[in-house]
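First residue of the sequence shown: 1, per full-length UniProt numbering; consecutive thereafter.
Just so you know, the hints here were simulated from the structure itself, not pulled from any lab data. One thing to keep in mind: the hints can contain errors.
Said to hold, decoys possible - If you anchor each label on the Cβ, the simulated ranges turn out as follows:
#  : residue 1 : residue 2 : range
1  : Val75     : Leu461    : 51 to 61 Å
2  : Ile201    : Tyr489    : 42 to 52 Å
3  : Asp361    : His339    : 51 to 61 Å
4  : Asp354    : Ser258    : 43 to 53 Å
5  : Glu292    : Leu572    : 37 to 47 Å
6  : Thr330    : His560    : 19 to 29 Å
7  : His98     : Val549    : 18 to 28 Å
8  : Gln564    : Val75     : 17 to 27 Å
9  : Lys191    : Thr116    : 37 to 47 Å
10 : His98     : Asn264    : 52 to 62 Å
11 : Ile404    : Val549    : 25 to 35 Å
What the hints assert, rightly or not - Result set (SDA-like, lysine to any residue): computed pairs, CA atoms no more than 25 Å apart in a straight line:
#  : residue 1 : residue 2
12 : Lys553    : Ile288
13 : Lys463    : Glu407
14 : Lys463    : Pro496
15 : Lys112    : Leu127
16 : Lys191    : Ala241
17 : Lys114    : Met542
18 : Lys463    : Asn480
19 : Lys244    : Phe214
20 : Lys441    : Leu360
Beta carbons are placed, not taken as given, at the ideal position from N, Cα and C, and that holds for glycine.
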Amino acid sequence: MATRGNKWLLRLPKYPPRYSTTRVNNPPDRAMGMNNDGNRNSDSDRDRDQPTKYATVCWHISLVILISTMILALVWTVYLSVDYYACTQEGRFEKMRHDFLTRERLRRVGGKLKLTDFEEMANGRLLAIKQVDEEMHNIWSDYQPRPHFLSKYKINETDLYSVLRAMPKGGLLHVHDAGMFKTDRLIELTKYSDLWACVAIDGTFEDFRFSKNFPHIEPRGDYKCNWMMMSNFRQQDENIALKKLRDSLSIDSNGFTSATDLANHMRRAHRLILGLITYRPMWPTYLISMLEDFYADGVSYVELRSSLPIMYDLIGSNYTIADTVNTIITTTNIFRSEHEDFVGMKLIYAPLRDHNDSNLDTYIANARFLKANFPSFFIGFDLINLGDECNMPPLGDSVQLLHISKEIDFYFHAGESRCVNSTKGSTPDANVVDALLLGSKRIGNSLKLPLHTEMLKVMRLLKVAAEVCPLSNYHMQYVNDFSQHPAAYLIAAGYPIVVGSDYPYFWNAAPLTDDFYVAFVGIANGQANLRLLKQLAMNSFMYSALNEVEKRKALSIWQHNWDQWIAGIVRLV
């Protein structure tokens, strides 16, 4: 009987609930003569003696804070309301307008940067120079979108351009090696002895090769030509040869009927340039020349996109991809030893893509080799379509990319097109989505980004920057009106963005200054000031592949040069 009583006792509360006024009767075992005092829980008695949570000090403090906050909010609201309604209707409108524009200004790229007093002075001088340039040259006030706009106005003759040229711009994160060799220098190379040219029936140059003997190199399937000594071709007509060379090695922004036509020209230019500069004695010379041009233009760090062309010599021997990389590293180290404020250069392996990705397995094997053997120099992988994205399969269709996405970083071009429909039934902007889903650290030349609001949210969250190359978009006929460039929205909304130059020497531009100028004056225009320029320069380190220690060092070097540049602007009369 006692056992049964104890089981019943366990089912009952030890004491009546606090919110209950009903007395709980003793269990039946007390009525049966059992003494239950020994089973009473002494802790239960103490619990009933403790104050409730509503009587604790913490609760009262929290309540006081809450009430105080509500009172302050109410007082502030009343104050603002009195200030608002005390104005005239016109005054209220101006106040709302001012507040609205202030919020927009703070949202822009660089809008929240705090400038020093010295920087504020420099900002005033900078905007004054910009205003004088616009009044003198009427470049942007008389702006009419048309293909030859930049050929009429020489922005490098303005005072603002000179100031921006001297500006420490930080890193250049989007540039191709083939686009960093000046046309005039390349033409001079064609005067060297032992140079052979592969010439098509219409006289177009298709390939170059230095060789002691006839180069037994068969043209690929997408072009046909015959090899002849370049000196013989020049003897036929020097002026015609010079014109054909210049046309082949540069971009005429109004000279192409379609994206495919442009892509074919770009492939030919790649072939010609690499045929000249990968001659073994030429390669280190032109690497040094490229680094000097970067440095002179205010660039202190470079992430170079290269297909890593194979070097060759006069007797027809080919070197290896490792030889190409070792030459780049050695040349860069020599340059750094002579320029202490040059942070360095790293590599994005970026081979040319074909229409069926037949070489993708080879490219991936090369990328793995580079990561294993040059881990501090190789930072990632890209595929170059030369503006022919409409005719390429979407990135997401290449399962090999998905399989290596965890071991190799991507820096994809995506959305660089004006096509309505892509191949294989995918959406027009499939590459933009695929690039982000594959984990691309940055997205290059994407003109489609403003159409993808969800993607932009993710890019802001994950700190994936958009690489913007304004002059490339212009000369490759994607954008004719800089004020309508997609980057205008990205800047206004404060999204992660960096400025690159793509192939600057194809259109006779500086390595980065021209693109900064167009971004500052043509794209951002009315709201642009020193804050934008400073943020863009800082972004080039923030969104780079440098590790945290390298970023801090690079920013420290850049800040020193930046302060000197600011002082120079302030001293301008």
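Taking the hints in turn, this is what the structure says about them:
1. The hinted range of 51 to 61 Å is not satisfied by Val75 and Leu461, whose Cβ atoms lie roughly 36 Å apart.
2. Between Ile201 and Tyr489 the beta carbons are some 47 Å apart, a value that agrees with the proposed interval 42 to 52 Å.
3. At roughly 39 Å, the beta-carbon separation of Asp361 and His339 lies outside the given 51 to 61 Å, and the hint is violated.
4. Taking 43 to 53 Å as the suggested C-beta distance range, the pair Asp354 and Ser258 does not conform, at roughly 18 Å.
5. In this structure, Glu292 and Leu572 break the distance hint of 37 to 47 Å, their C-beta atoms being roughly 27 Å apart.
6. Range check, Thr330 to His560: Cβ separation about 27 Å, and the 19 to 29 Å hint holds.
7. Distance hint check: the CB atoms of His98 and Val549 are about 43 Å apart, inconsistent with the given range 18 to 28 Å.
8. For the pair Gln564 and Val75, the beta carbons lie near 49 Å from each other, so the given range of 17 to 27 Å is not met.
9. A C-beta distance of roughly 52 Å is found between Lys191 and Thr116, which places it outside the suggested range of 37 to 47 Å.
10. At roughly 53 Å, the beta-carbon separation of His98 and Asn264 lies within the given 52 to 62 Å, and the hint holds.
11. Here the CB-CB span from Ile404 to Val549 is close to 27 Å, well matched to the stated 25 to 35 Å.
12. Under the criterion of a C-alpha separation no larger than 25 Å, the hint pairing Lys553 with Ile288 is consistent with the structure, at around 23 Å.
13. About 19 Å separates the Cα atoms of Lys463 and Glu407, which keeps this hinted pair within 25 Å; it holds.
14. For the proposed pair Lys463 and Pro496, the alpha carbon gap of about 7 Å is at most 25 Å, so the pair holds.
15. Distance hint between Lys112 and Leu127 is fulfilled; the C-alpha atoms sit about 18 Å from each other, no more than 25 Å.
16. Simply put, Lys191 and Ala241 have alpha-carbon atoms about 11 Å apart, close enough for the 25 Å limit, and the pair holds.
17. Of the supplied pair hints, the one linking Lys114 and Met542 holds, its CA atoms being roughly 18 Å apart against a limit of 25 Å.
18. Taken as a hint, the Lys463 and Asn480 pair is broken in the structure, with Cα atoms around 29 Å apart against an allowance of 25 Å.
19. Proximity of Lys244 to Phe214 is assessed by CA-CA distance (about 23 Å); at most 25 Å being required, the pair is judged to hold.
20. Between the alpha carbons of Lys441 and Leu360 the distance comes to roughly 20 Å, so the proposed pair stays at or under 25 Å and holds.
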